[in-house]
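Input sequences plus hints: build the corresponding full structure.
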Amino acid sequence: MLSSKDINNANSTGKKLYSEQLTSEELNFFVRNGYFIKKAVISTEDCDQAIEIAWQELEKQGIPNKPEQWKTHQRLKSKMGVIKLRGEVENNDFLNTLAENPLVQSVVSSLIGSEIKCMGTRGLYPTFPVARTVARPYEPHIEMHPVQVFAMYYFNEVKSNNGGLYVWPGSHLPIYHACDYKFHYQPNQNFQPVYNRYNLSKPAELIGGKGDVIFLHHRILHSGSNNFADAIRFAMLVDYVPENFEQLRKQKPNQYEWEDWSSIVREAVNSNTKPEVQPTSSLSRAFALKLVHGLRKIRGIPQHSYGE
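Just so you know, we're using our numbering here: the sequence shown kicks off at 80 and counts up by one.
Think of the hints as simulated: they come from the structure by calculation, not from any bench.
Predicted model only: the values in this text are computed from it and were never measured.
Be careful, since some hints might not be right.
Only pairs whose alpha carbons sit at most 20 angstroms apart, straight line, appear in this in silico EDC-like list of lysine to aspartate or glutamate [claimed, not checked]: (1) Lys156 with Glu104; (2) Lys196 with Glu169; (3) Lys289 with Asp127; (4) Lys329 with Glu222; (5) Lys163 with Glu136; (6) Lys196 with Glu338; (7) Lys238 with Asp127; (8) Lys118 with Glu179; (9) Lys117 with Glu179; (10) Lys145 with Glu131; (11) Lys117 with Glu104; (12) Lys118 with Glu236; (13) Lys331 with Asp259; (14) Lys281 with Glu218; (15) Lys118 with Glu284; (16) Lys238 with Asp172.
Here you go:
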């Protein structure tokens with residue numbers, strides 16, 4: 080585990096700190112499901128400092144560090160407990176150094192198979208506890224901006240029903256073909272049927288420990304989730320692209336989905352003998368979504384967007 084101090088020391092000397100080897104289990108899981116998790120990547124010290132930075136910004140916005148007020152705080156209620164600190168932290172030196180963690184970048188480079196570019200922190204995403212009376216079913220989206228791999232850093236332990244990331248395993252492959260471009264966001268005529276099939280299915284809830292990092296394929300359907308625990312979920316998103324992403328972003332998707340990935344990823348694809356992961360339909364989710372969509376229509380609220 081490397082701290083930000085280790086990274087800064089390495090940067091000043093030009094020393095390479097980490098060359099991460101991905102296991103066959105991780106690679107096989109990634110090509111089938113569209114994501115995988117690395118445990119305890121970020122040091123406890125760095126996680127705590129990232130949370131401190133989040134609180135500095137939250138308090139500027141009038142959000143108190145008082146648990147007894149979170150579920151009744153008007154802004155938190157209106158935002159369903161989800162606060163996105165983006166512009167406030169995009170130039171934060173500590174967070175951008177953390178985004179360039181050598182182990183994380185080594186993993187991403189192993190997946191993409193070429194020189195990569197870290198786009199810096201996309202933002203901090205604290206998810207506050209909410210009352211069950213204001214809960215809602217989250218609907219998935221894909222990234223609207225060009226990216227090939229994105230990572231979510233967990234800065235504290237994330238238990239079940241604690242606002243963890245939702246993903247729809249296996250959605251990365253059909254969604255890749257349901258877009259007009261490799262990286263650029265442009266759904267085609269196949270997108271909505273594919274999207275609806277996954278939206279009506281049960282997502283996987285990604286729990287994790289402090290310092291865990293989730294690596295995700297850019298076309299996987301994902302969303303936030305309700306936080307019914309007593310603790311805030313603190314996380315950060317970071318985007319990574321290949322050096323030639325400007326050249327690739329508006330190219331048409333190849334019939335072979337893994338054309339722009341590393342040789343070890345393609346080897347995992349070729350050696351995989353298991354069928355594609357299929358969505359599992361959920362009647363309870365279908366009912367909840369029908370109710371939400373009906374209420375939105377009555378109230379004149381726009382329906383959920385496919386991209387974010």
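Okay, the hints, checked on the actual structure:
no.	hint	result
1	Lys156 with Glu104	41 angstroms, violated
2	Lys196 with Glu169	16 angstroms, holds
3	Lys289 with Asp127	10 angstroms, holds
4	Lys329 with Glu222	15 angstroms, holds
5	Lys163 with Glu136	11 angstroms, holds
6	Lys196 with Glu338	19 angstroms, holds
7	Lys238 with Asp127	18 angstroms, holds
8	Lys118 with Glu179	17 angstroms, holds
9	Lys117 with Glu179	16 angstroms, holds
10	Lys145 with Glu131	15 angstroms, holds
11	Lys117 with Glu104	12 angstroms, holds
12	Lys118 with Glu236	11 angstroms, holds
13	Lys331 with Asp259	6 angstroms, holds
14	Lys281 with Glu218	11 angstroms, holds
15	Lys118 with Glu284	16 angstroms, holds
16	Lys238 with Asp172	29 angstroms, violated
Checked against the numbered hints given earlier, the structure breaks hints 1 and 16 and satisfies all the rest.
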